[in-house]
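Take the sequences, apply the hints, and build the full model.
In case you want the letters, here they are:
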Amino acid sequence: METLLYLGCTVPIRNLNYEVSARLTAKALGITFRDIEEFGCCGFPLKSLNVEDMMVTAARNLALAEREDLDICALCNACAGTLNEVAHQVRTNPEIREKINRRLKPLGLRLDGNVKVRNYMRLLWEEIGIEGIAKAVTRPLNGVTLAPHYGCHYLKPSELNVGFDSPEVPRTLSDLITATGAKVINYPSLLDCCGGGLLGMSEEVANAMAVRKLQEVSASGAHALVLVCPFCNVMYEGQQKKIAKSTGIDLKTPVVYYPQVLGLALGMTSEQLGFKLNRIKPKELLEIVEG
Amino acid sequence: MPKINLNELDPEFKHRVAEQPGGEGLKACFACKACTAACPIQPIDKRYDPRKIIRMALLGMKKQVLESDFIWLCSSCYGCQEVCPQNVRFTEVMYAIKNLAAQEACIPPGLTAQRSLLKKHGRLYEVGEFENEKRLKMGLPPIIEHAEDFDVILPDQTVESDRGHSSTSHNS
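From first to last, the protein sequence lines are chains A and B. Read in order, the letters of the first sequence are residues 1 to 291 in the working numbering. Read in order, the letters of the second sequence are residues 1 to 172 in the working numbering.
Because the hints were derived from the structure by calculation, they are not lab data.
Now the stretches of chain A that chain B is said to cover, found in silico as 3 or more residues with beta-carbon under 8 Å:
1. 12 to 23
2. 33 to 43
3. 47 to 54
4. 93 to 107
5. 144 to 157
6. 185 to 196
Straight-line C-alpha distance at most 27 Å; calculated DSS-like pairs for lysine-lysine:
7. A:Lys27 <-> A:Lys281
8. A:Lys241 <-> B:Lys134
9. A:Lys99 <-> B:Lys27
10. A:Lys99 <-> B:Lys14
11. B:Lys134 <-> A:Lys276
12. B:Lys134 <-> A:Lys27
13. A:Lys283 <-> A:Lys242
14. B:Lys119 <-> A:Lys105
15. B:Lys46 <-> A:Lys245
16. A:Lys283 <-> B:Lys137
17. A:Lys281 <-> A:Lys241
18. B:Lys134 <-> A:Lys283
Glycine included, every Cβ here is placed at the ideal spot set by N, Cα and C.
Here's what the structure looks like:
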């Protein structure tokens, strides 16, 4: 299948390990990612200031995709959520559709809202399937234990994800991890919000939101925390040292992206998958897999 | 709790919130507090209390809401929205309230800076040669800014003097 790869602002600058592993795993599984160089910000950062500015910024990307007659695959939960939300609004609300299209007109773009937007993990789940992934695995990650973190905008608002996953008892990411041969742990703070949306407002509150999960995963003996969103990464990987220092809790929780884990199971090397950019090295995990 | 002076309340405030995109559900609240119970911020910072913010908005405490720091503490996790039996959609109501605060020029500096970056570069991070060289080394295609589009679709100002439905101006 062919889909447009939507990178957003953060991943292609700050999380090249995520991007490179997503591209490699997609290729190996028969998914063709097409790039559109005109894609820009999804609009999420504008929502607090002006919802309509957010919508028109999102709509610009969606209209570019509609022009290509292809769906969008996003790597960031906030991007996927925002683009999905605006596509839904434009598709279902004629008043909003007219308003947004009036503002898009100077760019020569038009949006009906029929473009489908999915996070890469959802795309894998729906297009390749757990069985398809398990079948493609050439190096099962036996002996590896991982802790999934879905992130809020992967699951919520649930009205935008009807027929996909449950916001209370999610399973897709756990199943995707299991398909690689690794063991998944369940833990009390599984559904915690990372706090990333608050980092710019109050670092103290944001850090306080992230600490419980880091502590639990660290104590669980899992080899890594598995993420699917660069915003969550900012908190769990980027802030981890600071959180450990300010709380006095000994935290050394390696943080990886799901496509990196998948890539290992598909036989790719840690070097190909950009593991050198992971700031808290998943040493044990890589020792088990690569020896 | 400080006394509420009835003369300082703005009975129009709740209507203004409800007129904003996403604010429609505000008046359906029957104060059950499920939102507050589901909120991950509230146990950390008591000032951020969804049920209380709704009550303040319904009472017309416009100044205390729009000029507060706490309205910017929503993490947008949608926890409140998922549990609400009245479909208030509080995460969206918070965006409506923040949009009104922005219209009154009560904006945290970080957000203004992000907006300027977006208008200037079309992205949150400026992309230069350094970034693209790093990408090239990993076999990734270059990122090209299309800043001109954003100058067209984003108006120059976020502060609108006319309340509610003022038309958006394109000043490019």
